[in-house]
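Asker: Going down the list, the protein sequences come from chains A and B.
Read in order, the letters of the first sequence correspond to residues 1 to 633 in the numbering used here.
Read in order, the letters of the second sequence correspond to residues 1 to 97 in the numbering used here.
Honestly, the hints are just simulated from the structure, not real lab data.
Treat the hints with care, as some may be off.
[Unchecked claim] In silico DSS-like cross-links for lysine-lysine, where the CA-CA straight-line distance does not exceed 30 Å:
| id | chain 1 | residue 1 | chain 2 | residue 2 |
| --- | --- | --- | --- | --- |
| 1 | B | K85 | A | K5 |
| 2 | A | K33 | B | K87 |
| 3 | B | K85 | A | K581 |
| 4 | A | K51 | B | K87 |
| 5 | A | K576 | A | K266 |
This is what each chain is made of:
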Amino acid sequence: MAHSKELREQVESCLAEGRWAQAHVRLGDFWRKEGRAAAANYVLSCYEKMKAHLPLVPTRIAFLRSMTVEPLVPILRSAALVQGIDATVHVGQFNSYAQEILDPASALYSFDPNIVVLAVQTRDIAPEIWDGYADLSEADAQAAVDRVLRDFAGWVRAFRERSNASVVIHNLEKPIASQGILETQRKTGQLAAIDQMNAGLRALCGEHRGVHVLDYDALVAQHGRTRWHDEGKWLMVRMPFAPDSMLPMVGAWLKFIHPLTGVVCKVLAVDLDNTLWGGVLGEDGVDGLKLGVEYPGALYRGFQRAILDLYQRGVLLAVCSKNNHDEAMAALQNHPGMLLRPEHFAAFRINWQDKARNLREIAAELNLGIDSIAFFDDNPVERELVRTEVPEVKVIEVPGHVQGYAQALRDCPFFERLTLSAEDRDKTQQYHEQRKRSELEQTAGSLEDFFRSLEQEVVIANVTPDSIARVAQLTQKTNQYNVTTRRYTEQQIAEFVARPDCGVYSVGVKDRFGDNGIVGVLITRTEDEVCEIDTFLLSCRVIGRTIETAMLGFLTDASKARGASLLQGWFIPTKKNTPVKDLYLSHKFQPISSENGATLWSLNLGEANIPFPEWIRLHVTNGSHRSNESRAQ
Amino acid sequence: MSQTVPIGPTNLVLNKVLAVATDVFQVPQSTLVAGSSPDTVETWDSLHHLSFVVALEQEFNVQFSPEEIEQLLSIELTTALLEEKLKGNGSSNGSGI
Chain A
1 MAHSKELREQ VESCLAEGRW AQAHVRLGDF WRKEGRAAAA NYVLSCYEKM
51 KAHLPLVPTR IAFLRSMTVE PLVPILRSAA LVQGIDATVH VGQFNSYAQE
101 ILDPASALYS FDPNIVVLAV QTRDIAPEIW DGYADLSEAD AQAAVDRVLR
151 DFAGWVRAFR ERSNASVVIH NLEKPIASQG ILETQRKTGQ LAAIDQMNAG
201 LRALCGEHRG VHVLDYDALV AQHGRTRWHD EGKWLMVRMP FAPDSMLPMV
251 GAWLKFIHPL TGVVCKVLAV DLDNTLWGGV LGEDGVDGLK LGVEYPGALY
301 RGFQRAILDL YQRGVLLAVC SKNNHDEAMA ALQNHPGMLL RPEHFAAFRI
351 NWQDKARNLR EIAAELNLGI DSIAFFDDNP VERELVRTEV PEVKVIEVPG
401 HVQGYAQALR DCPFFERLTL SAEDRDKTQQ YHEQRKRSEL EQTAGSLEDF
451 FRSLEQEVVI ANVTPDSIAR VAQLTQKTNQ YNVTTRRYTE QQIAEFVARP
501 DCGVYSVGVK DRFGDNGIVG VLITRTEDEV CEIDTFLLSC RVIGRTIETA
551 MLGFLTDASK ARGASLLQGW FIPTKKNTPV KDLYLSHKFQ PISSENGATL
601 WSLNLGEANI PFPEWIRLHV TNGSHRSNES RAQ
Chain B
1 MSQTVPIGPT NLVLNKVLAV ATDVFQVPQS TLVAGSSPDT VETWDSLHHL
51 SFVVALEQEF NVQFSPEEIE QLLSIELTTA LLEEKLKGNG SSNGSGI
């Protein structure tokens, strides 16, 4: 990577020539090298010039705080911008978080945030426990704990009544124990009291949708309690952070901002030689590879463990390596030190062509956008090639020594998830089934024969508390087969469910190769005999199988039952949703108006009928996808 | 404290302080001189002062005490204090992290 002065010059010449995408990539390089307070304002000033030309994801973040966070704001905004997120930040008045939450007319609500960070410190909210614990009786200490938890519960409840925004609450940090070694000899104590409050916060988040805990205590501990703070700045300007704590703090916020804005990766593409194992397979042979439970092979095995953790979180894995295919597959299959095996991977590109092309092919094979791929390769030349050729791929900066690989991966915000559904855990299995389906498609005679041979069952169910997380996740992650691309939080889905004029349905698909789980969402709103389709989306795993026709067929019945005579829906074009462009046209809807490139389509329910695909069995249920109450076709 | 002191090419600390100030206060480097201070730089308010302080701490790998933070009232004073601190640290001009 070039020197930072050269990088600035490169950025500026890209800006002058209007090469925005390249300027974005070079600013990313600059930030990785110079990502500190001084560089932040420079990065921000560059983005001011080019923001309008880049496909950035906007978000609005409000900080409610009992500490000075202002110097961190430009750092946060810069770090988010180089990852494609344009954050507008509002910082609440110092220490007036409670008033801002409780007053519906406060600046917090007029800012209309997407994300609210509640950054309150133990020393402010529980001063008697932080600094004075020795004076407290056991009952006093318990009363303080109860009061803090009651306050948090009240604020969260009040906030939820006024806003749908996601909430990220810093949990409470522990001081260095003021009771000395006595602290851990008893059941109760200063640290135990803080543990109790943090357990209460965790439980509180479980009770409310879209409320999350940031483990601030673990963050401080990870970096060292004695090193995290700058007591001088705390006393002087109420800023607790030492200079070296600012980037880790910003990194911890970004880990929430990425999944909350949907800027996440679905695939990790990894190299093999000197990445998954030590050594070069073609030169050292399979027996010469460093990989196993002993040093030095244990370092690579440790990295594989970090990858396996992502796999269990629903991240798809792919191999992108320059090697002889058969030899590498044999090593993956048979090397006794491997934790990862071929079945953990959804795609392989083991060949001698360039990696940019291989990554494009992996995206096409998995039916995903190229921007959902993150790339991990020990070779800086390969990383630079990918960064330049396919700037959409998230290239992970790899430390100089394998010892740091696992942590580099764990620090990546692209793989953070706020929920884990059963579908996530089975994802690779579903792609293996998909591969078998594609093989079948190649052998089946006509398309109709193929559809029949799939033995598809579509289960359309009213959304229930069990399925809300998955349904919200689909609205946030589905880009291609999505007519309106409206993103909803779990809280917003729950509100649709509660409205009598709205229909909110999950769509599950099973076939002879397995259960795909919930792969589609329908949301409708009926008013004055017009049923409007607010959301119609389908995961790309199941498109091209006439399931969309079954869904529209269901909607015609459901909207008639609601007393509608017209079924209408907007198509709002995006860069990615061309696959769904002709959905309404091909089902005989008529275009009736258009606005900013979007088109409103309408179907007269009195005249038209959607011919139901005879090869799909449809089940309509009130709730559970397992119910068998079926509508005969 | 003169506003016309030319910037010596050999003064590494001063040049780095000027570069940090240029970024933090968002002004063209040519408008900054050794005597630039909160009185002459419009954007040098108390919040920017704090940002300036933490940026310097990161760039030079030092930490300022509250008393020192109150002394950093011009480019020249900042440079002098940093030179003193760096001498005390036995560190070079600190290329940061």
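Asker: Please go over all the hints and tell whether each is borne out by the structure.
Answerer: Verification of the supplied hints:
With a CA separation close to 26 Å, the supplied pair K85 of chain B and K5 of chain A stays within the 30 Å bound. Taking the CA atoms of K33 of chain A and K87 of chain B, the gap is near 26 Å; set against the 30 Å cutoff, the hint holds. Of the supplied pair hints, the one linking K85 of chain B and K581 of chain A is violated, its CA atoms being roughly 65 Å apart against a limit of 30 Å. For the hint pairing K51 of chain A with K87 of chain B, the CA-to-CA distance comes to about 43 Å; that exceeds 30 Å, so the pair is violated.
The suggested pairing of K576 of chain A with K266 of chain A holds, with an alpha-carbon distance near 16 Å, which does not exceed 30 Å.
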